[in-house]
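Residue numbers (our numbering), protein chains in the order written: chain A, 1 to 104; chain B, 1 to 181.
Don't take every hint at face value.
[Claimed, not checked] Computed footprint of chain B on chain A; a stretch qualifies when at least three of its residues, placed anywhere within it, have a C-beta under 8 Å from a C-beta of chain B:
#1 5-12
#2 18-24
#3 32-44
#4 49-60
#5 75-81
If you are wondering where the hints come from, they were derived from the structure by calculation, not from laboratory data.
Please read all numbers here as calculations on a predicted model, not as lab measurements.
Built from N, CA and C at the ideal position, the CB exists for glycine as well.
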Amino acid sequence: MIIPAVPPSCYLVLGAILFTIGVIGALTRRNAIVVFMCIELMLNSVNLSFITLSRFLNSPHGIMFVFFVLAVAAAEAAVGLAIFVQLYRTRETINVDEINLMKW
Amino acid sequence: MAENIVTLFQWLVFLGISLTCIFASIMVVSNKNPVHCALWMVLTFLATAGLYVLLHSTFIAVVQVIVYAGAIMMLILFVVMLLDLEVELRSKLKFLYSKAIGGFLALLLMLGIFYAVITRVLQGSSGSFTPEKVSGVGSTRAVGEVLFTDYLLPFEVASILLVAGIVGAVILSKKREPRKE
Numbered sequence: 001m002i003i004p005a006v007p008p009s010c011y012l013v014l015g016a017i018l019f020t021i022g023v024i025g026a027l028t029r030r031n032a033i034v035v036f037m038c039i040e041l042m043l044n045s046v047n048l049s050f051i052t053l054s055r056f057l058n059s060p061h062g063i064m065f066v067f068f069v070l071a072v073a074a075a076e077a078a079v080g081l082a083i084f085v086q087l088y089r090t091r092e093t094i095n096v097d098e099i100n101l102m103k104w
Numbered sequence: 001m002a003e004n005i006v007t008l009f010q011w012l013v014f015l016g017i018s019l020t021c022i023f024a025s026i027m028v029v030s031n032k033n034p035v036h037c038a039l040w041m042v043l044t045f046l047a048t049a050g051l052y053v054l055l056h057s058t059f060i061a062v063v064q065v066i067v068y069a070g071a072i073m074m075l076i077l078f079v080v081m082l083l084d085l086e087v088e089l090r091s092k093l094k095f096l097y098s099k100a101i102g103g104f105l106a107l108l109l110m111l112g113i114f115y116a117v118i119t120r121v122l123q124g125s126s127g128s129f130t131p132e133k134v135s136g137v138g139s140t141r142a143v144g145e146v147l148f149t150d151y152l153l154p155f156e157v158a159s160i161l162l163v164a165g166i167v168g169a170v171i172l173s174k175k176r177e178p179r180k181e
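Just need the whole structure built from these sequences, with the hints factored in.
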């Protein structure tokens, strides 16, 4: 009896579960930093899907996309967190329910 | 027989890592303290790096640990420390209908992705980037050869994006002094 190797759909299902958990967090949490972390979680699950497809199709392009997603996530983290610090200075809160005006 | 043992080991590692990953991300979403959320997030990223190793892309796994679990999460922890979030810690997680609707829609999305993933077989032509070839030259070299030939222009654009991010972060977090008339 030969045990089959882990099929790609297992990794893709895991990516789907992680993405859904990230979506639930981004929709239900009200702290802007936690919402931000949930967005990172979604990016991470998409990266997992990219790497899986790249591995099972023997193609380097998925890995390249993961590389650029990482670069974009780093830039996004720097700018987003600077915006949160600035928001906290002016509004004294980072609750996304209370930040509902474009200009104060 | 030996191959059976290898695949069995792969299954065990995959199941363990994926359960860790799911548990840690659920803790990220459900924990009230943002610092605890960030630490569970680090565990999620480390577990995903383990999955990348299982998928034969060791370079991306190391980058994941350095950039995500190291740099980005440390930045988030610093910002959590800069802000005073005590008020939110004391307030209880309220139940709102909007949250229930949001969770329901997210579950629908998950079922949609499941349907798309399970019913379709992997399509597309198979390339020449096989695991044997990659392990022959090393993952870093294989990735670098593609990155600096086919993907040179996107690579340079990414560097411009990072510079823009740095400049934007500095300008945004600068303290605005009131103008002297």
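Hints, one by one, checked against the model:
1. With 7 residues having a Cβ less than 8 Å from any Cβ of chain B, the region 5-12 of chain A passes the three-residue criterion, so the hint holds.
2. Counting residues of the region 18-24 of chain A whose beta-carbon sits less than 8 Å from any beta-carbon of chain B gives 7, enough to reach three: the coverage restraint holds.
3. Under a criterion of three residues with beta carbons nearer than 8 Å to beta carbons of chain B, the stated coverage of the region 32-44 of chain A is upheld, 8 such residues being counted.
4. With 10 residues bearing a CB less than 8 Å from a CB of chain B, the region 49-60 of chain A meets the requirement of three and the coverage assertion stands.
5. With 6 residues having a Cβ less than 8 Å from any Cβ of chain B, the region 75-81 of chain A passes the three-residue criterion, so the hint holds.
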